[in-house]
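Listed below are the residues making up each chain.
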Amino acid sequence: MKYPRTWNNERVLQVLTTESRQKERDLFMRTHRPFMQIRVDFCKEKGIQNTFIDEDQLRELVQNSSLNAHNRLFFVVGEAGSGKSELCQWLEYTVDERRVLPFHIPRSMTTATGVAALLRQQSKGFIPKTLSKTPITVQVRHIISSAIIILYEDRSSVFPPEEHWVRLIESHEMHQMIEVYLQNILDGAKTFELLADEDEIRRILNKYNLCSLIEDISRKKGLLREILEQAIEQTFWLGDIRLVLDDISRHLILQNRRPLLLIEDITGFQTLSGKLLDYLFDLSTGHFDAVIGVTSGFESTRLIDSVSASDLTGVHHRLKGRFVLTDDHGCSYGLEDGLIELTRAYLDAVRADYSQAVQEPLFSAFSQGLYPFTETALRRVFSSLYEDGIPRRTPRLFLEHVLAAALLAETPPYLTFDRSRYIKAPPLLFRTDDVPDPHLQSLLRWYGEIDDDFITLDARIADVWGVHLPEHAYREGVYRIPRAYAGPAPDIASNSAWQQELSELQSWLNKGGMYPSREVLKRGIERVVRLFGDPRSLGNPDAAGGASIVYARGDERLPISLGRNSGDQPSTSTYIKLKIACSPDERGILEELAYLALSGKDLLQACRNVALTLEWAQQRWREYHLEVRDLFARHLHGITVEQFIWTSWRLICGLCGMPWDRRPHLKSCDVGNIPYDRVTPWSPERHGACYAAGKEFLRYSDVVRQLFIGTFALHASVLDVEACTAAQQSAASLDVIDRLARVSINAWRKLPFRIRPTGQNLSDLLIPLQRYAHALKQLNVQVAYTADLLDLRQKERHLAAQEPFDHSLLQRHLATLRQQCGEIGLTWRQQWDEALDTLRSVTGEQLINLRREIQRLCASVEARSKEITDDIWQYQQFRCHLRPIIDHPYWLAVATVQTIQSDLLSAAYTRYRRRGGSITNTRQYRQLKETIRNVWSEITDD
Amino acid sequence: MASSNRLLISHITLRGRELKQLYEQIAACPGISFADLVVALTPEQPETFGLADTTLREALNFLLIASMVKQEGAERRRASFYPTPQLVDAPFALLLLHHIQTHPDRRQQALALIQRLLAAEDILALAPAQVRERMERSPIGSLFAWTGEKVRFWGSLAHYLGVVRWFGNNTDILLVPQPYLLFQALEWIVRGNETDEHHLRRVLDDIDCRFFACYTTQKRVHQGVVQSLLALERMGSVHLSHRADAASSLLLNERRISHFRLCRRIMI
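Taken in order, these protein sequences are the chains called A and B. In terms of this note's numbering, the first sequence opens at residue 1 and continues consecutively. In terms of this note's numbering, the second sequence opens at residue 1 and continues consecutively.
No lab work stands behind these hints: they were computed from the structure. Since the structure is predicted, the reported quantities are computational estimates derived from the model, not experimental observations. One or more hints might be untrue.
What the hints assert, rightly or not - Cross-link-like lysine to any residue pairs, in silico, SDA-like; alpha carbons within 25 Å at most:
| hint | chain 1 | residue 1 | chain 2 | residue 2 |
| --- | --- | --- | --- | --- |
| 1 | A | K601 | B | A74 |
| 2 | B | K20 | A | P391 |
| 3 | A | K511 | A | E471 |
| 4 | A | K44 | B | G141 |
| 5 | A | K667 | B | V39 |
| 6 | B | K219 | A | E60 |
| 7 | B | K219 | A | K133 |
| 8 | A | K601 | B | L143 |
| 9 | A | K750 | A | D764 |
| 10 | A | K221 | A | L168 |
| 11 | A | K601 | A | R523 |
| 12 | A | K44 | B | R106 |
| 13 | B | K20 | B | A74 |
| 14 | B | K70 | B | H11 |
| 15 | B | K20 | A | D542 |
| 16 | B | K219 | A | L342 |
| 17 | A | K46 | B | P139 |
| 18 | A | K133 | A | R250 |
| 19 | A | K929 | A | L836 |
| 20 | A | K44 | B | G168 |
| 21 | A | K601 | B | A127 |
| 22 | A | K601 | B | N170 |
Working from the sequences, and respecting the hints, build out all of it.
Here it is as structure tokens:
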């Protein structure tokens with residue numbers, strides 16, 4: 001392993017600093033990458049919210065105000081390290097100093113003393129110095145007195161016994177230390193610390209016999225420093241900070257400029273923050289513009305404690321704008337997009353001699369000058385950045401723990417990334433037994449290009465760092481190994497049984513052959529395929545209810561056949577299975593599905609691209625579903641499920657006297673108490689086979705109705721017009737009845753089609769349907785038409801003869817007939833009364849209407865006599881139109897009279913023959929015949 | 001007239017397919033009467049005592065409120081209906097999405113805003129109950145009272161249109177646009193372009209503006225759209241590429257993409 005370098009560590013430390021202020025202005029501007037996405041939570045002056053702006057626009061918002069406007073506050077909110085300081089620094093360097101004078105208060109400046117010094121320094125002498133005439137020794141005495149008061153009043157509990165500590169604070173040594181500190185601050189040293197020398201402190205504590213009283217010297221030192229700093233602040237701000245800030249504001253306004261406070265991070269401020277913020281939040285007090293950095297979460301916790309505003313809403317009401325640098329997940333907006341340019345800028349700044357970096361292969365193998373990184377590696381490591389166990393992608397983390405760490409390390413970056421506690425290594429997407437070398441594994445993890453089926457690596461990268469590449473996977477400058485998809489998940493790594501099963505799967509995917517754990521993969525496949533419904537169901541997925549025909553081979557599980565000699569039995573012509581061919585395209589998806597089955601996780605957790613997996617599953621669903629449909633149609637001579645159901649329902653509706661042609665109805669055909677022979681278009685005498693088979697088929701009317709609803713109805717009252725139109729047109733183009741009649745029931749019985757949800761075997765329905773269709777095909781439609789027309793013409797003639805119908809005479813004759821029945825001893829039946837009542841009540845007008853109806857029907861048939869074909873649907877329609885004529889009660893009454901006549905003659909014959917002699921010569925018989933003739937002369941022409 | 005006070009999201013009995021068929025019927029016969037619509041779309045069912053056209057009236061109301069069709073004549077049953085599409089030659093799903101998205105009444109945009117708000121947060125999957133909770137707390141929480149039925153209606157309609165995938169009550173709603181919808185949208189946006197290669201960012205901006213949300217608050221492409229685009233590429237329907245001289249580009253997972261080319265139509 002080697003690690004050629006084109007930089008030196010000293011330069012790296014100069015360039016990659018934690019704070020932006022640690023860099024010189026030139027270097028800062030050289031490495032600064034523009035903030036392209038700053039989310040504007042709100043900006044009252046421009047009336048914008050929830051949008052993104054860049055840093056130039058932000059600067060314009062900040063510095064563009066009228067001179068006398070009151071305090072304008074802007075919050076820049078972001079996670080630690082998200083670039084708040086960088087933004088403040090950039091504003092300081094780039095604002096228009098003719099319009100504003102920036103006062104940049106860095107994060108490190110957390111005390112009043114420091115801020116006071118800075119304000120004085122940057123105001124270039126126009127702020128009157130607080131205590132400017134008082135000698136420094138007097139100031140020190142004042143500070144010491146203040147500190148003693150603070151100790152007595154507030155801290156006596158932590159500094160027992162007080163007298164010892166007071167002696168220490170009053171000591172000469174302490175006097176000297178404070179004086180040196182003040183002098184340094186006033187001379188402009190921003191980072192000089194009070195009580196910094198621990199040895200000196202220890203010596204003084206010993207001198208005043210305090211060491212024995214305290215356990216933790218550094219903690220006590222910190223507490224003591226706090227007291228002294230507070231005392232210094234009180235001393236320095238005795239004149240009131242508000243007056244100082246007022247002075248600055250007033251003075252600058254006279255220069256036609258506004259003061260711009262750039263506070264990198266208010267989070268670190270101590271007691272100052274409250275005073276300063278109170279001044280700023282009291283908007284009418286001055287003319288400051290203030291850009292205040294706030295660490296995410298600080299606003300809602302500590303900030304509201306620091307200002308007078310009652311709550312966060314109150315704080316926000318006083319802000320002119322709130323800008324956000326990071327999202328809810330702690331990731332900097334836009335950083336990922338500018339990642340490569342940011343890296344290039346820093347690498348360019350780091351390299352003193354750039355010519356080394358453009359040497360081959362360091363240039364072209366590493367994304368044109370990104371050595372020792374590639375674009376892929378940078379993006380991958382960026383998306384793997386973590387802090388405290390949660391993803392956090394900020395510029396500081398990236399610069400310190402990716403760029404700086406990799407450049408300063410003795411080992412190549414991939415090893416640095418593996419060891420970093422800020423980087424959570426992504427999974428290896430290949431089988432580790434393919435790549436035994438841990439260095440190569442690591443290199444592939446970070447620098448490997450992930451294709452759909454392979455991981456590839458530019459061999460020159462491995463060569464630069466001396467990583468050996470096995471020859472078998474090396475070709476034309478590229479190292480390439482098959483990728484795995486599900487292997488790397490941590491729960492798999494800890495489960496040897498899962499590893500074994502996935503290993504079997506990968507072996508089968510690579511080479512084919514026996515695959516023992518097929519059921520695992522099948523469970524995963526079934527789980528995702530069945531999201532689209534059961535592919536064996538042939539119903540309409542958009543239907544609101546109803547029943548459907550399903551292919552029900554085997555149990556509830558979906559029959560699946562894995563290819564490549566896995567050990568599964570392939571599909572047969574009648575036992576069809578969902579086929580998984582295992583093409584190279586499917587490889588990744590199959591591994592993920594096996595993992596899905598093993599882990600029981602949801603799709604999003606197991607699949608890297610749910611859209612792709614679902615498309616794959618839907619495609620398998622469609623293929624299998626089409627096969628089921630094809631099987632159905634193959635055994636029904638090409639009739640599809642929709643044609644089958646459409647035709648069946650149409651036949652059923654015709655059988656129960658509610659035929660339709662184009663617009664189906666969903667009305668139940670349960671005719672209830674109405675006898676079949678009163679609704680069927682078929683006559684038991686003339687269409688005996690159709691009549692009998694139809695009666696049998698009608699028993700399934702409800703089943704067929706439910707199937708129809710499940711196929712063609714979107715709601716109870718809305719049809720699936722597309723499905724209806726398609727079925728209607730296709731059924732019309734096929735002679736469906738003919739094909740149904742030819743179905744081989746024996747062959748059909750072998751097919752496992754059932755009706756869901758009843759579970760009824762489809763052959764139970766198909767058998768009567770086939771018989772009915774067969775009977776319909778046997779019917780000679782032309783002959784049947786002719787017979788019906790003859791019958792109609794006869795009826796017409798009969799009715800024509802009734803035109804001189806004498807109602808009163810008929811009633812007298814019927815009375816005589818009944819009387820003679822009594823004389824002969826013929827028992828009078830109750831139903832005869834109903835018929836004779838009908839006959840008595842029928843009017844001449846009704847008979848004329850009935851006759852006209854017959855004439856109209858005959859005329860319509862005869863008018864298209866040349867067009868009349870064997871079309872059974874037309875004939876059925878005709879028969880249904882015939883039904884009201886046939887069912888007219890007049891014909892029943894006529895038939896009843898015929899029955900009475902027949903019974904009466906028969907009874908008379910028996911009676912008179914018993915007396916001997918010729919019956920026809922008897923007077924009674926002659927009278928009887930006369931009555932009957934009278935009746936018939938009224939009601940018939942025969 | 002349509003009951004304009006009714007919310008689109010309150011038409012909870014509808015599923016989507018009936019809307020498409022109704023719209024297509026009106027588009028095929030502009031000026032069609034209500035009676036003819038009844039004949040075309042409903043079964044002959046005389047025994048329903050006037051309830052036979054309930055769903056039809058509901059669907060018609062939805063399309064009227066969405067401004068997909070207009071009614072001429074004051075009384076619904078005697079009126080004529082005309083299509084009023086805001087886009088030319090757009091497939092039904094895109095057309096409806098566009099009408100909802102650009103509806104002048106913000107409350108009626110709710111059916112589009114749900115996906116937009118969830119996409120903004122880069123959410124990929126959520127149970128309907130969680131969607132409801134989020135919406136109640138969101139900027140559109142006060143538009144109306146959120147109910148489980150409304151969210152389920154959105155889920156089923158959005159699934160039908162292809163904006164999400166939802167496989168039923170016990171499953172999460174996946175905020176992953178179905179590839180065929182995305183393909184239709186890409187195809188519609190670039191129709192008439194002279195070149196074969198199109199600028200991805202511009203086209204996605206257009207889709208985001210017209211049809212459905214494509215970006216998160218960070219202006220990154222929503223993960224669901226990313227997955228759908230990559231699935232389209234894997235299926236051979238689009239070809240994604242990056243040009244070094246491109247004015248702008250998008251990051252799809254680890255890939256930077258600036259342009260795309262349509263290759264093969266998706267067969268549904």
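Hints and how they fare:
1. A:K601 to B:A74: The given pair, whose Cα atoms are some 56 Å apart, is violated under the 25 Å limit.
2. B:K20 to A:P391: Cα-Cα ~44 Å, so violated.
3. A:K511 to A:E471: At roughly 20 Å apart (the allowed maximum being 25 Å), E471 of chain A and K511 of chain A satisfy the hint.
4. A:K44 to B:G141: Holds. K44 of chain A to G141 of chain B sits at ~23 Å (cutoff 25 Å).
5. A:K667 to B:V39: holds, 16 Å
6. B:K219 to A:E60: Satisfied, since the Cα-Cα distance of roughly 22 Å is no more than 25 Å.
7. B:K219 to A:K133: Violated: K219 of chain B and K133 of chain A sit about 57 Å apart, past 25 Å.
8. A:K601 to B:L143: Judged against 25 Å, a Cα distance of about 36 Å means the pair is violated.
9. A:K750 to A:D764: Distance of about 13 Å is within 25 Å: holds.
10. A:K221 to A:L168: holds, 12 Å
11. A:K601 to A:R523: holds, 13 Å
12. A:K44 to B:R106: holds, 23 Å
13. B:K20 to B:A74: Status holds; Cα separation ~24 Å.
14. B:K70 to B:H11: Within the cut-off at roughly 18 Å; holds.
15. B:K20 to A:D542: Measuring from Cα to Cα gives roughly 12 Å; hence the hint holds.
16. B:K219 to A:L342: holds, 19 Å
17. A:K46 to B:P139: holds, 21 Å
18. A:K133 to A:R250: holds, 23 Å
19. A:K929 to A:L836: holds, 19 Å
20. A:K44 to B:G168: Between K44 of chain A and G168 of chain B the Cα gap is close to 44 Å, so the pair fails against 25 Å, i.e. violated.
21. A:K601 to B:A127: Since the Cα atoms of K601 of chain A and A127 of chain B sit roughly 15 Å apart, the hinted pair holds (cutoff 25 Å).
22. A:K601 to B:N170: holds, 15 Å
Of the numbered hints listed earlier, those contradicted by the structure are 1, 2, 7, 8, 20.
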